[in-house]
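Work out the full structure, taking the sequences as your base and the hints as a guide.
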Amino acid sequence: MNNTPPYEKLTLLDNFGHSLRSPAYLFQPTETEEIGQALKLAKQHGLTITLRGAGRSYNDAALNGGGIVLDLRQVNRILAWDPATGLLRAEPGVTLEHLWHTVLPDGWWPPVVSGTMFTTLGGCLGMNIHGKNNFRMGTLGEHVLEFTILLPTGAEVTCSPKKNGDLFRACIGGMGMLGIFTSITLQMKKMASGLLEVHAFPVRSLEEHLEALLDGAPQHDYIVGWLDATARGKGLGRGQIHTADYLHEGDGCQVRNHFGCQVRNHFDPDPKKTLTVAYQTLPAKLFGVFPKSIIHYFMAPFMNNPGAWAVNTAKYVMGLRESYYNQPHAAFHFLLDYVPDWELAYGRNGLIQYQSFILKETAREAWTEMLELSQRRGLPSYLGVTKRHRPDNFLLTHAVDGYSLALDFKVTSGNRSKMAQMLQDFDRITLEAGGRFYFAKNSETTAETAIRFLGEEAVAKFRSLKKRCDPHHLLESDLYRRVFG
Amino acid sequence: MTTNSKPLPPRATPLRPRRRAIIVGASSGIGAALARRLAREGYTLALLARRADLLASLCEEINLAAGEIRALAYPHDVTDYDSAPNLLQRMLADLGGLDLFVYNTGISLPVGLKKYDFEKDRRTTEVNYLGALAWLNLVAAMFQSLKSGQIVALSSVAGERGRVGNPSYNASKAALTCYLEALRNRLSRYGVNVLLTAKPGFVDTNMIVGAKGAFWVIPAEQAAADICRAIRKRRQQVYTPARWQLVMLIVRNIPSFIFRRLIF
Numbered sequence: 001m002n003n004t005p006p007y008e009k010l011t012l013l014d015n016f017g018h019s020l021r022s023p024a025y026l027f028q029p030t031e032t033e034e035i036g037q038a039l040k041l042a043k044q045h046g047l048t049i050t051l052r053g054a055g056r057s058y059n060d061a062a063l064n065g066g067g068i069v070l071d072l073r074q075v076n077r078i079l080a081w082d083p084a085t086g087l088l089r090a091e092p093g094v095t096l097e098h099l100w101h102t103v104l105p106d107g108w109w110p111p112v113v114s115g116t117m118f119t120t121l122g123g124c125l126g127m128n129i130h131g132k133n134n135f136r137m138g139t140l141g142e143h144v145l146e147f148t149i150l151l152p153t154g155a156e157v158t159c160s161p162k163k164n165g166d167l168f169r170a171c172i173g174g175m176g177m178l179g180i181f182t183s184i185t186l187q188m189k190k191m192a193s194g195l196l197e198v199h200a201f202p203v204r205s206l207e208e209h210l211e212a213l214l215d216g217a218p219q220h221d222y223i224v225g226w227l228d229a230t231a232r233g234k235g236l237g238r239g240q241i242h243t244a245d246y247l248h249e250g251d252g253c254q255v256r257n258h259f260g261c262q263v264r265n266h267f268d269p270d271p272k273k274t275l276t277v278a279y280q281t282l283p284a285k286l287f288g289v290f291p292k293s294i295i296h297y298f299m300a301p302f303m304n305n306p307g308a309w310a311v312n313t314a315k316y317v318m319g320l321r322e323s324y325y326n327q328p329h330a331a332f333h334f335l336l337d338y339v340p341d342w343e344l345a346y347g348r349n350g351l352i353q354y355q356s357f358i359l360k361e362t363a364r365e366a367w368t369e370m371l372e373l374s375q376r377r378g379l380p381s382y383l384g385v386t387k388r389h390r391p392d393n394f395l396l397t398h399a400v401d402g403y404s405l406a407l408d409f410k411v412t413s414g415n416r417s418k419m420a421q422m423l424q425d426f427d428r429i430t431l432e433a434g435g436r437f438y439f440a441k442n443s444e445t446t447a448e449t450a451i452r453f454l455g456e457e458a459v460a461k462f463r464s465l466k467k468r469c470d471p472h473h474l475l476e477s478d479l480y481r482r483v484f485g
Numbered sequence: 001m002t003t004n005s006k007p008l009p010p011r012a013t014p015l016r017p018r019r020r021a022i023i024v025g026a027s028s029g030i031g032a033a034l035a036r037r038l039a040r041e042g043y044t045l046a047l048l049a050r051r052a053d054l055l056a057s058l059c060e061e062i063n064l065a066a067g068e069i070r071a072l073a074y075p076h077d078v079t080d081y082d083s084a085p086n087l088l089q090r091m092l093a094d095l096g097g098l099d100l101f102v103y104n105t106g107i108s109l110p111v112g113l114k115k116y117d118f119e120k121d122r123r124t125t126e127v128n129y130l131g132a133l134a135w136l137n138l139v140a141a142m143f144q145s146l147k148s149g150q151i152v153a154l155s156s157v158a159g160e161r162g163r164v165g166n167p168s169y170n171a172s173k174a175a176l177t178c179y180l181e182a183l184r185n186r187l188s189r190y191g192v193n194v195l196l197t198a199k200p201g202f203v204d205t206n207m208i209v210g211a212k213g214a215f216w217v218i219p220a221e222q223a224a225a226d227i228c229r230a231i232r233k234r235r236q237q238v239y240t241p242a243r244w245q246l247v248m249l250i251v252r253n254i255p256s257f258i259f260r261r262l263i264f
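Protein sequences, first through last, are from chains Z and A.
Using my numbering, the letters of the first sequence map in sequence onto residues 1 to 485.
Using my numbering, the letters of the second sequence map in sequence onto residues 1 to 264.
Take the hints with a grain of salt, since some may be wrong.
[Claimed, not checked] In silico negatives: residues of chain Z with every beta carbon more than 12 Å from chain A:
1) W81
2) E97
3) H98
4) P105
5) P111
6) M137
7) K272
8) K285
9) K292
10) V311
11) F332
12) E365
13) L373
14) A460
15) R463
[Stated by the list, open to error] With a straight-line Cα cutoff of 16 Å, these simulated EDC-like cross-link-like pairs (lysine to aspartate or glutamate) come out:
16) Z:K360 x Z:E208
17) A:K147 x Z:D14
18) Z:K461 x Z:D166
19) Z:K360 x Z:D401
20) A:K147 x Z:E8
21) Z:K234 x Z:E372
[Stated by the list, open to error] Partial chain A-side listing against chain Z, Cβ under 7 Å, derived:
22) L15
23) A141
24) S145
Since the hints were derived computationally from the structure, they do not count as laboratory data.
Where a beta carbon is used, it is the ideal one built from N, C-alpha and C, also for glycine.
Given below as C-alpha cells:
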C-alpha cells in the first residue's frame, strides 16, 4: 500500500481542439531537478511520461492516458539574452509570447513563430514548428545553435548541429520522446521596425492560388494563403494571399497608386515606437468596446455547413479588393490569438486539423481531389490555410519542396466514422502524391502511414536513438504509441 | 512500458473515441455477459476475476470477435485488498483512462434456515462488501479528482429486506446498496453524476444453481442488456427484470409482524 500511485494528481487533460480527453498524473515542475524526480517516480510505478508545454497541439501529442504528464510551463526562465548578438538561452517552458516580449524592445524577433504566441519553446522544438516564412527561414530547429537535453538514462547531453549531430536532428521534431530539453540557445532575427508591409490579394482558383504561393515566395519575407474550402467548380481552391515584408528604418519613399493615395511605405519613420511591446500587443476589445473573449459564442451558430459557406463566401468577397497596409509583427503572425478560445466555437466534440505537405508538382491534383471529396461527402473544411515550404534535414521532418494545406474540421457525434473514412482517403492521396504529415496536427495518422512517409530508414534510426536514450521507454505519449507503436 | 509486455488495445483518437471500462468479476454470469455486450458497443475492457483460464478464454473470444485487442485479462481475488491500488494504476495505464467501473463480484453461501456459520458469513462479507469497498473507494477518489466517470455495482433485490434464508448475503448487499447511495451523494457534486445500483432478481448464473424456489429466472444476457441500457441512460438504479421494482416496493412495506413469519 505504500507504493500507492499519486491518485490525487490525476487530472483530465484535453488537446487544443477539445476533441480528445484522457486522464493523467499531472506534475508541474518549476526546476529542472524536479524533472529528474518525476523520472524516478515513473520508474518506481512502472508508468510512462509525456511532456506537455502549452497543450496547443491539435492531437494527442501532449496526452498520456493513465500515465504521467510533465507540464513544463513553469520551467520558464530566460537564462541569457544578448541584444548585441541576438543569442538567447532559455528553458523549455518559455512561451513565444515571453520570448518576443524579451527581444523585441532590443530590435529582434524570433526567426520562426507559430500561429499562436502561447506555445512553449520546448513544445515548438519538439514538433519543429514552421511559420509563414518556412520557404525562406526553414523550421525553428534551423535557428537553434545548441541545446542541452536530459535523457531518461539520467545523462544530460549538449547537442548542436556539429556536436552529437544525430541526436540534434532527432530531438528537434522528436515529439519529446528522446529526452527533456533543459536549455535551448536560439538565434533571433534583427528587425529595423516593428511593422511588416502586408499585401493582400485574391486568388480565384486553386491553380492561381498555388502559382501565387510559388511566385510570391522568393520575393517576400512571409507568405500565407487562406483557402475557401467550401467553394466548388471553377472557384475550387479560391482564397486570399497575404505577403509580408520587413520594413526598413527611415522615412524613405512612399509608394502611391494612380489616384495619388499612399499605398505602401517601405520604411518605418518611428521604429522606437513600433518596436515596443505596447505597440504590438493585440487589443483585448473589438472596436474598443466588444470584449474578444466572448466572440466565440457569436461564431458558434456559423459552425455548420451552410454557416461556414456563408462566412467563407463573405470573406472571399470582402477580400476581392487588393490592399496594402502595414501591420505589427504580432498582429500578422498570431492570427489564432485574435479571438481567444476560438476553438470553443466548434462545440462539445471539438475540432481536428488535417494538414498535408505536398510536393509542388503534385499538390494541385491532390488537393483538387481532396477538396472535391470533402464536398461530395458533405464534410467541407470550415477553414483552410496554405503555406509554401522547403525541405530540411531533421530526422522526422514534415517539410517538402512544395506547399501545405491545413484544413479544420468540426467533429460531431454523427460525422466521426464518415470523417475517419475521408481522412483515410486523404492519407492515401497525400502518400500517392509524395506528401508528408506533421505530428503536431493530424490526429488519425497511423503507424503504417508514418512509416510510408518517413521511410523505413528514418524510423529505424529514430527507434535506435530511442533505445539508446530511453532504454526503458519512460517517455511515451499517446501520439508516439499511435505512430510508432 | 517495459513492465508490461502484453499487446495493448489501441488508444482513442478524436474520430475513433473509445470508452474504457473495468469489470471486476467478469469470468462468468452477468459479468461475462456485460463484458461481451460492452465490447460490442466499442468499449475497451479490463476484466478481473479469480479464474484466470475462464478470463483468458473470454478475452480471446471478445478480441477475436472485435478483430482487435479490446479486452485484457487481470486475474485477481477481490479479497486481496492490498493489491487493488497498483492493479488499478496498471489497468488505467493499459487502457489509457477509465470511463466506467463495474463491481460485479458476488457470492452467496446459504447456511440453511436453522444454522449459523461465521466462516461463510465472513467470506460473503469479504467478497460482496469489503472487496467492493477496496475497489470503489479507490475508483471514487479517482473519479472525484477527474470530475467524471461512471460507477456501477451489482447489488441485489435480496439486499432490501433481511430474510431468514441467507442473512449475511442480505446484509452484505444491503450494506453495499447503502454505501453506493452514500457514494452517489458524495460524487454527484463532483460531476460523477451516475452511480448505478443494479438490482437483479434471479439470474441464470452459477449463483442460483441448486437454489430452491427461484422464479422469474432470466438469462445473464438479459440482465446485462438491462444494465447496459441503464448505463447509457445514466440511471441511478435499475431492477432487472423491471417487475422486481414493483415487487420490492411491496416487499419493503410488508410490516415486520407479517414478514418475520414468512419463509423465503
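E97 (chain Z) remote from chain A - nearest C-beta pair above 12 Å: holds (27 Å)
Given as non-interface: P105 (chain Z), which should sit over 12 Å from chain A by C-beta: holds (41 Å)
Straight-line alpha-carbon gap K147 (chain A) to D14 (chain Z), limit 16 Å: Roughly 14 Å separates the two Cα atoms, so the pair holds.
Proposed proximity, D166 (chain Z) with K461 (chain Z) (alpha carbon, max 16 Å): Given that 16 Å is the threshold and the Cα spacing comes to 9 Å, the pair holds.
Outside-interface status for M137 (chain Z) - nearest CB in chain A farther than 12 Å: Fine: 31 Å to the nearest Cβ keeps M137 (chain Z) off the interface.
Chain A versus E365 (chain Z) - minimum CB to CB distance exceeding 12 Å, so not interface: holds (25 Å)
Outside-interface status for F332 (chain Z) - nearest CB in chain A farther than 12 Å: The assertion about F332 (chain Z) holds, with a minimum of 30 Å to chain A.
Distance rule for V311 (chain Z), whose beta carbon must clear each one in chain A by more than 12 Å: Given that every Cβ of chain A is farther than 12 Å from that of V311 (chain Z), nearest at about 23 Å, it holds.
Status of R463 (chain Z), Cβ more than 12 Å from any chain A Cβ: Answer for R463 (chain Z): holds, closest chain A Cβ roughly 15 Å.
Separation of K272 (chain Z) from chain A, once the least beta-carbon distance is taken, above 12 Å: holds (47 Å)
Residue hint L15 (chain A), partner chain Z, criterion CB-CB below 7 Å: holds (4 Å)
K234 (chain Z) paired with E372 (chain Z) [C-alpha distance capped at 16 Å]: With a Cα-Cα distance of about 11 Å, the restraint between K234 (chain Z) and E372 (chain Z) holds, given a limit of 16 Å.
Going down the numbered hints, you'll see the structure goes against none, and every one checks out.
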